[in-house]
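All chains should be built: construct the whole structure from the sequences, respecting the hints.
Order-wise, the sequence lines are chains W and H.
Reminder that position 31 of the first sequence reads as 31 in this note's numbering, one-by-one numbering, no gaps.
Add 416 to the 1-based position in the second sequence for this note's numbering, that's all there is to it.
Everything labelled a hint here was simulated from the structure, so no lab data went into it.
Keep in mind that the hints are not guaranteed to be accurate.
[As the list claims (entries may be wrong)] Simulated crosslink set (PhoX-like; lysine-lysine; CA at most 25 Å straight-line):
hint, chain 1, residue 1, chain 2, residue 2
1, W, K55, H, K440
2, W, K348, W, K397
3, H, K637, H, K526
4, H, K507, W, K55
5, H, K507, W, K110
6, H, K471, W, K24
7, W, K55, H, K436
8, W, K20, H, K471
9, W, K368, W, K408
10, W, K30, W, K91
11, H, K471, W, K28
12, W, K91, H, K526
13, H, K471, W, K91
14, W, K55, H, K444
15, W, K193, W, K408
Predicted model only: the values in this text are computed from it and were never measured.
2 protein chains.
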Amino acid sequence: MALIVQKYGGTSVGSTERIKNVAKRVAKWKAAGYDMVVVVSAMSGETNRLIALAKEIQPHPDPRELDVVAATGEQVTIGLLAMALMELGLKARSYTGSQVRVLTDHAYNKARILEIDESNIRRDLKDGYVAVVAGFQGVDRDGNVTTLGRGGSDTSGVAFAAALKADECQIYTDVDGVYTTDPRIVPEAQRLKTITFEEMLEMASLGSKVLQIRSVEFAGKYKVRLRVLSSLTPPELPIAEEAVSGTLITFEEDADMEQALVSGVAFNRDEAKVTVVGVPDTPGIAYQILDPIAEANIEVDVIVQNIGRDGLTDFSFTTHRNDLKKTLDILERVRKHVGAREVIGDDKICKVGLVGVGMRSHVGVASKMFRALAEEGINIQMISTSEIKITVVIDEKYMELAVRVLHKTFDLDQPR
Amino acid sequence: MALIVQKYGGTSVGSTERIKNVAKRVAKWKAAGYDMVVVVSAMSGETNRLIALAKEIQPHPDPRELDVVAATGEQVTIGLLAMALMELGLKARSYTGSQVRVLTDHAYNKARILEIDESNIRRDLKDGYVAVVAGFQGVDRDGNVTTLGRGGSDTSGVAFAAALKADECQIYTDVDGVYTTDPRIVPEAQRLKTITFEEMLEMASLGSKVLQIRSVEFAGKYKVRLRVLSSLTPPELPIAEEAVSGTLITFEEDADMEQALVSGVAFNRDEAKVTVVGVPDTPGIAYQILDPIAEANIEVDVIVQNIGRDGLTDFSFTTHRNDLKKTLDILERVRKHVGAREVIGDDKICKVGLVGVGMRSHVGVASKMFRALAEEGINIQMISTSEIKITVVIDEKYMELAVRVLHKTFDLDQPR
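In structure tokens form, the structure reads like this:
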């Protein structure tokens, strides 16, 4: 019997009415013959309420005890959803992370899953039960409650699908899938019926926050077939329609049709650009610049260093705008140390990226992209490329224009 | 090192401010050199909120899932109290019922504790930690969450004290001890510095609801020294004063002084009286009357049957007023079956009882009691006695008068 793991976020279980709707949707899949495991988040607002209580007691709550408190949010939801399923005449049983058990490391508030013992759930499925599991939480080897950190229930969903070798992991959210770009910027943006894991990762890192990036990595690692679906469709939607709605995230090697050249246009304007000008072009210079940045826990994204001239080179990277001042302070010290000429910061930039596994074998994509931007008079400040992504850094005032132009240039506004 | 188990109810932990006060009180005892284990309830209102959510989903919530949901109430409190203790510079660690573990039977919503594994807590105490434990909950052999039912955290407190062989179990409530009678009826009522378990049981069953009766039974069974204390005193109260405040519940054999004849006057007006008149006085008749009542899950309290006359007898008992109609309906069928003359119900009655281990060897107590009531013109409808209790059923309009008269007659208004 085919097995499906469904994951519902906080908004989807935000009230007892919505929990009843989730039960209806699960019952529909069960009636269609699927074995069902359902992973749920805390009711929306609940985790924030619990954390606020903790902070009233301790401004910086003890990590172990914070997890004890926060984990109750999901525990309430699993009990309520199991009841709602029973009310519809189904057999259902709830599990906390410790009851499953979901073994994690000891990192409270941001634990990583080490192992899922699926034996209890297997037994339940065999007996015709729907298993309802608390996302976001686990237990360490010493029996302490742990949580996976914010948004971790996407990862829980995928982890259960991997452990149970589910046929599909369905993540229900308040959007109905992954789009070629943000429809708020390009109204013609099209929903992608499929996208590969690699593309999804590149889209996510550039700001298309449909799924937690960690859950996508996890799915890729364990080859979990992942589908993003809307929890806003009526629960009565015929299963044949729901089964193919949303966006399916596939493995590249699964692709049974010719890949589109480009799948989407991603963008991000949360970053700032930093350049160290006139750096002596000697071995180890990149390390000397970046190590103090990493030491300060500042995340760095695009890094570009071009070939040197006259024994000097320029070294650029982007970082989050909030970290710009801190970064410049650190680099000023570095500048003196390495004898560079100048450090320049610019927070009026944005990143725009083309993503697509199909571009791998098509060198023409880059030149077509650069020409399209040039025709609009958009100057490119930095370029960075990977196998399936081309990212440019441009003046932020051109962001919407660049996204629209690229979306049209690569025919992304055509129905797919 | 002396070990104390303290138990705080929902009102005592009803807000983060109150939780901080509990932490101060615990810290004071710890500073005085005691090893401390603290058992807590859910924040007041929280259990009701959770049950209401469950009932929105299922009018009669599934018992297993209801426990999953309800148990989160205490889990939040333990985390918050552990944080509050840390904020005061103490080492503290929280435990859910399953983490301890508190092994119970499988009876969801009203489970009974089978065994407490105290090894984790012992280790913590040895390392100087305050152990903060969720009351009201446990786990069955299959790892399912169970709850002990309403008010069960008093029982949890006593059970932990028993398992850990604590020197004392302190139950903090919103009253400061057990009184000779209800001070709302007799303003001169005196707080008892000590009371025996047997007396406490008799007081509780007659309506002095300071402690859950089950917790008192448990304490008696495992010889746990139990003290009821007020959580309304300032947490800064010197330990020497707090240590002897409230009421200590002792074992009869501990008594190192002459027992008072009478310890208190209990009363209850929630009951109704039922009499089956003119019952054939044959063997098995009591069974034939009471068995259908028990079958209907109706609880029966005082039962009186006097000697028969002319082959007939009258059979009376009391039951809760809410069950009177149901009881009369059942007895009407029984009446026809056994050939009794008549069934009479009366819900305008009350019970008043004298309690005291000292009365055991003093036959004069009963006659003194009956004379005092007679002098006030109070007619006694039923009398029932046990070793340490004399209960009378009288017209409810005389209740306050009877309580006041008996309280004075037995010198209970003298400071003790």
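**Message:** Please verify whether W:K55 and H:K444 have alpha carbons no more than 25 Å apart.
**Reply:** 23 Å, holds
**H:K507 paired with W:K110 [C-alpha distance capped at 25 Å]** = Holds, because 23 Å separates the two Cα atoms, which is no more than 25 Å.
**Prompt:** Are W:K91 and H:K526 close enough, with their CA atoms no more than 25 Å apart?
**Reply:** 23 Å, holds
**Asked** Does the alpha-carbon distance linking H:K471 and W:K28 stay inside the 25 Å limit?
**Response** 23 Å, holds
**Request:** Given the hint that H:K471 pairs with W:K91, test it: the Cα-Cα distance must not exceed 25 Å.
**Result:** 18 Å, holds
**Item:** Given pair status - H:K440, W:K55, alpha carbons within 25 Å
**Value:** Holds, at roughly 18 Å.
**Message:** Would the hint linking H:K507 and W:K55 be met if the CA-CA limit is 25 Å?
**Reply:** Holds, at about 18 Å.
**Prompt:** Quick one, are H:K637 and H:K526 close enough, alpha carbons at most 25 Å?
**Reply:** 19 Å, holds
**Request:** With a cut-off of 25 Å on the C-alpha distance, tell me whether W:K20 and H:K471 pass.
**Result:** Satisfied, since the Cα-Cα distance of roughly 12 Å is no more than 25 Å.
**Agreement of W:K193 and W:K408 with the hint, judged by alpha carbon distance not exceeding 25 Å** = Holds - the C-alpha atoms of W:K408 and W:K193 are around 19 Å apart, at most 25 Å.
**Prompt:** Is the hinted pair W:K368 and W:K408 satisfied, with a Cα-Cα distance of at most 25 Å?
**Reply:** Cα-Cα ~12 Å, so holds.
**Message:** Given the hinted pair W:K30 and W:K91, is their Cα-Cα distance within 25 Å?
**Reply:** Since the Cα atoms of W:K30 and W:K91 sit roughly 11 Å apart, the hinted pair holds (cutoff 25 Å).
Violation of the numbered hints given earlier is absent; every hint is satisfied by the structure.
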